[in-house]
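J.: The primary structure of each chain is shown beneath.
There are 2 protein chains.
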Amino acid sequence: MIKKYVFGNPFPTDAVIAHVDVCNDPLPFFEINGDGDFFTCLSDNEIVYGLGEQIRGINKRGWEYVSWNYDNPHHHEDTRSLYGSHNFIIVSGERLFGAFFDYAGRITFDIGYTNKNQMSVRPEKPDLCVYIIEGADEKDIVRQFRSIIGKSYIPPLWAFGYGQSRWGYKDENDIREVAENYSSADIPLDSIYLDIDYMERYKDFTVDINRFPDLEKLASDMKNNGVHLVPIIDAGVKIEEGYDVYEEGVENGYFCKNADGEDFVGAVWPGRVHFPDFLNPQARNWFGKKYETLTKLGIDGFWNDMNEPAIFYTEDRLEETLRHIHKLSQGNMGINEYFTFTGMVAGLNGNAGDYHKFFHNVNGQTIRHSDVHNLYGMNMTRSAFEALRKIQPNKRTLFFSRSSYIGAHRYGGIWQGDNKSWWSHILQSMQQLPALNMAGFIFIGADTGGFGCDTTEDLMLRWLQYSLFTPLFRNHSADGTRKQELYRFSSVNTMKEMIKIRYALIPYLYSEFLKSALDDEMMFRPLSFDFHCDKEAINVEDQLLLGDQLMIAPVYKQNAKGRYVYLPEEMMLVRMKKYDDYYTEILDKGHHYVHCELDELVFFIRKDKVLPLYAPAKNTEEIDYASVTLVGYPQSSYTLLKDDGICPDPEESLCRITLEN
Amino acid sequence: MIKKYVFGNPFPTDAVIAHVDVCNDPLPFFEINGDGDFFTCLSDNEIVYGLGEQIRGINKRGWEYVSWNYDNPHHHEDTRSLYGSHNFIIVSGERLFGAFFDYAGRITFDIGYTNKNQMSVRPEKPDLCVYIIEGADEKDIVRQFRSIIGKSYIPPLWAFGYGQSRWGYKDENDIREVAENYSSADIPLDSIYLDIDYMERYKDFTVDINRFPDLEKLASDMKNNGVHLVPIIDAGVKIEEGYDVYEEGVENGYFCKNADGEDFVGAVWPGRVHFPDFLNPQARNWFGKKYETLTKLGIDGFWNDMNEPAIFYTEDRLEETLRHIHKLSQGNMGINEYFTFTGMVAGLNGNAGDYHKFFHNVNGQTIRHSDVHNLYGMNMTRSAFEALRKIQPNKRTLFFSRSSYIGAHRYGGIWQGDNKSWWSHILQSMQQLPALNMAGFIFIGADTGGFGCDTTEDLMLRWLQYSLFTPLFRNHSADGTRKQELYRFSSVNTMKEMIKIRYALIPYLYSEFLKSALDDEMMFRPLSFDFHCDKEAINVEDQLLLGDQLMIAPVYKQNAKGRYVYLPEEMMLVRMKKYDDYYTEILDKGHHYVHCELDELVFFIRKDKVLPLYAPAKNTEEIDYASVTLVGYPQSSYTLLKDDGICPDPEESLCRITLEN
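Those protein sequence lines, which keep their order, are chains A and B.
Reading the first sequence from the start, the letters are residues 168 to 828 in my numbering.
Reading the second sequence from the start, the letters are residues 168 to 828 in my numbering.
Bear in mind the hints are in silico, worked out from the structure with no lab data behind them.
A portion of the hints provided could be inaccurate.
[To be verified] Computed list of chain A residues with no C-beta within reach of chain B, every gap over 10 angstroms:
no., residue
1, Arg378
2, Gln449
3, Asp621
4, Thr623
5, Asp625
6, Lys728
[Stated by the list, open to error] Label pairs and their computed distance ranges (CB to CB):
no., chain 1, residue 1, chain 2, residue 2, range
7, B, Asn377, A, Gly514, 29 to 37 angstroms
8, B, Asn503, A, Gly514, 18 to 26 angstroms
9, B, Glu415, A, Arg368, 52 to 60 angstroms
[What the hints assert, rightly or not] No more than 27 angstroms apart at the CA atoms, straight line, and that leaves these computed lysine-lysine pairs for DSSO-like:
no., chain 1, residue 1, chain 2, residue 2
10, B, Lys809, B, Lys562
11, A, Lys702, B, Lys756
12, A, Lys809, A, Lys663
13, A, Lys702, B, Lys745
14, B, Lys390, B, Lys171
15, B, Lys702, A, Lys745
16, A, Lys756, B, Lys756
17, B, Lys562, A, Lys724
Fair warning: this is a prediction, and the values are worked out from it, not measured in the lab.
Where is the CB? At the ideal position from N, CA and C, for every residue including glycine.
Could you build the full structure based on these sequences and the hints that come with them?
T.: Structural data, given as structure tokens:
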């Protein structure tokens, strides 16, 4: 049962697309104070789930989270904001309810931070809709919520293949070298990503012809080997005379404006840019059509970046900073002056004040950016998605975005942002998966091996053993860090086997993905969502249920030779070195220590369930669905969902294959 | 058996004080390449212990560590350098040996980072001594190593009490308020720390009389309530006309010099400072005597900070940076210019280049700082220690330092630096304890609750439950972060009980500390040091043996209701809510999941051992040794070591009390 409560004059976020009657009763579960903040007491044993892409555990208690889309490359334990805003929570314990705070600006969730047994939700302004959902259990509440926010985006099947990326591939030769090295190492591969260096001076929808003299041929050569090129598109449009996107945007008034009506100037990779007004339907339509410049060259996948939007600096703040720095440096800079100096420089990037300075044109109405900040990235991906549906109506295009708001799940996936080569970021990624599924995001995954900082061989191995279960499975790293293509490591053979296991699993993972997308189910769930009454299960933070068949419990600690696992029921442990070289063992319900060497993948098949495995192909196109073998409990069956992996509407080619053990 | 090998022309670090004959045989275990780098292969199951204050696990495999004392306030997983350099490792597995690389400059330990199965040790210059130690087991190797580096510093007994600190106590009223609030809340307290704000314009050995009009009276009033004031002393001496320390230093040539012989200028809290030349025995002697200005006022404890030395900036680099920034800001700052700009500003602090610019006068010889960098902090604490032994020969003074090198363990303790209010930093602190003990540092502890970032109530509770076992037990936090004195939390009563448990344990902890100091034993050990042949025990990274009686296994994860524990032998679990309200249970050898609510302390008593507990006093002075009760196995006994806690030589008042259960 979903009830909608309206406060003040909310901006329409388009998160909810189903009609829900407004309820005029008092809001249940929360008290509201004079400022329009919402309060509820939390008993000691209540758990708070949700908030999508956020830090800390599956249980969000004990921290303060701020929904304010932000280019944060650290993902520290004290982070308050990441790239997305997913304001949906479930409180479970003595009470059971879901709450969605549909608000496009800054909103704070203090979940037992200030006061251990209280949650407060504080929107910056008292203009929002709150949806309260009650249901039989957490999964039911999620299903209801997903039913009003619309079906999740389904990418092409090839997007489930392994992808290699790096900010640092400078030219065509780098790309060809990566493809060849993967091929020589006999490691399956479906995609190679183009980061910012493929563009001419970081201008969207351009190609640097010195570095990529014939992108169309490159894309075609790659595709002949089953590899898709996936270029990045950034939010900011470079200010440069003669650059068509810039000139058209200025001419048509498609960029965000200053208070005085001039086009707002921020700075990102190319230096000075304007920001397309993605909240303006005409501008969204115009920008979306530009993707055709690349699809014409054979490109069928994109990742949208920097769309919080990230702003390295604005010119007025930079000038003020330089002026102030100069003044400070005239005297003896002690503690106060030094911290002011370094703080001002560090504070240029993503400065909250800059987001108050520009405005959107929403159907003729001028809206201050900070009031709708969290919708920007969503509407960039929407722009691409809606245009591409017209440009190439017969096939799916891969999209995923860094920034998002609930609703963006209908237009693309997300990657979990600029993480680091830290062991703790394996767990951080994993803990976000169910919260993202709750919010409708199911095409998700983290930069495997870590984006920032130097990776290590054992970290990469363990990360692969986790990521090979996530829909988006991409190895990505930052310029200047240790190179981490798999063929660079001495354990390349073990890594190859892990990628082959991924390919053996793709039909299953894709099937579970489809079920999740079509039926509003969660592909990844905390144990507690299936085992409410199990007092051990409800506190497990490092294992997840995958579909109805599997439980994953990756090793995410350096030098560990195994890990502890809690089984909420009898399960079959699978210890796998190769897709066809594995050992199984039935383990009883309860706590276990499970050994797991670096070259072993360990996961669990649930009681009376069975998992289909396929002969690993060198890419998704070559998967042979006839090559299935089943592993799991006897006398069990699995219904595999399958479509052509191409048509925008999966129902057109959908089939259900029953596999019996 | 210890063998010493000399390469090139090493600078005498004073780490080793016993005579060890030089061995002219080839160095065992390592290959040496043409650059003077040391290489050894690591088999899959070999473990590398050591490196003292460093990141990552007890087993150091899988990362690259750089000994280069550094003011690093992040302690990230990708950190390479922290505040201390403790170049002692033990390789254990198919081989068993210890190795101490006695080198005062930058030295890199690549322990399976570049190549998973190789360790390389790379000193910046090929001038060093290497000590190779073979022995019966790890503990024997440590004992041998500690026998040549000299006995560890023993603080006064009151230093084992609970201490409250915060960078942010601005004046006498703040201090009195803290003392009163602790007293009102009935929480034991032995010390309050004075951070930089007690000084006049951050000048060492001055007191700001506006804020602290009568420090002598304040110290005396505090001491009448059993509370010691512990002021901070920084390495840099402010450049200010009329300031005696500055003027004497200049006059006598006691500061570090530029290449041209002028006093080197860096900048820290007070802005422009000179750095005392602590490697010059006369300067060390002079600076040490200055502590008397504070001991005269009744001060009997100090913490030495910023002695890596931290340098916020140097004037020439600042000028160059400003010039370059100005140039960059003239054009359109894109990616390269922007990252250069922000990188230069961020790179001012602790810039490696600055440490090449100044020189020491070591008995008439001019030594470039970067060649002896890692000795600076050690010699600052030595300066204080040696002077105070003369100034007040009849009592111990509390010293601990941020920066250190092996050898500094003879002069003071260390705190584990500017950590954060992160759950992961509980484990990080814990994993350093045995490595620090290996290097002789036993008066150690982390800023409880976390220094940087905002703490939470549950984090503080769990942190107390760990820290109450560490010799140094101090709650410290940074200006601008959430205040974290215990009386501010709703769980103040539980926190009080945890502090009382600490006081109940102090006679035991002090006894174990004395044994460790007098007999060169490790107070904290990995399980593997006592259970070599146990294949599960050798991989345990989050439990420690404490003395011969206890095993600690703190809960260090948010919202956890318990944790997994491996028992290498039968042990007695103690679940304690109050020092006199606890429950015990014998658990078998093996893996266990142990429940532990937020208000419970869980620890283990080893088989056939017993732990003495005492009635908690309101401070260490009031501990009643007659109030002992014993908890543990029947028919067991414990020998308690005890002295007066004051005399520099503990042997003078040492007694051994046998307690029988």
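J.: Work down the list of hints and note, for each, if the structure agrees.
T.: Verification of the supplied hints:
no., hint, verdict
1, Arg378, "holds (15 angstroms)"
2, Gln449, "holds (28 angstroms)"
3, Asp621, "violated (6 angstroms)"
4, Thr623, "violated (5 angstroms)"
5, Asp625, "violated (5 angstroms)"
6, Lys728, "violated (5 angstroms)"
7, Asn377/B with Gly514/A: 29 to 37 angstroms, "holds (31 angstroms)"
8, Asn503/B with Gly514/A: 18 to 26 angstroms, "holds (21 angstroms)"
9, Glu415/B with Arg368/A: 52 to 60 angstroms, "holds (59 angstroms)"
10, Lys809/B with Lys562/B, "holds (16 angstroms)"
11, Lys702/A with Lys756/B, "holds (25 angstroms)"
12, Lys809/A with Lys663/A, "holds (26 angstroms)"
13, Lys702/A with Lys745/B, "holds (26 angstroms)"
14, Lys390/B with Lys171/B, "violated (48 angstroms)"
15, Lys702/B with Lys745/A, "holds (26 angstroms)"
16, Lys756/A with Lys756/B, "holds (21 angstroms)"
17, Lys562/B with Lys724/A, "violated (46 angstroms)"
Of the hints listed earlier, those the structure fails to meet are numbers 3, 4, 5, 6, 14 and 17, in rising order.
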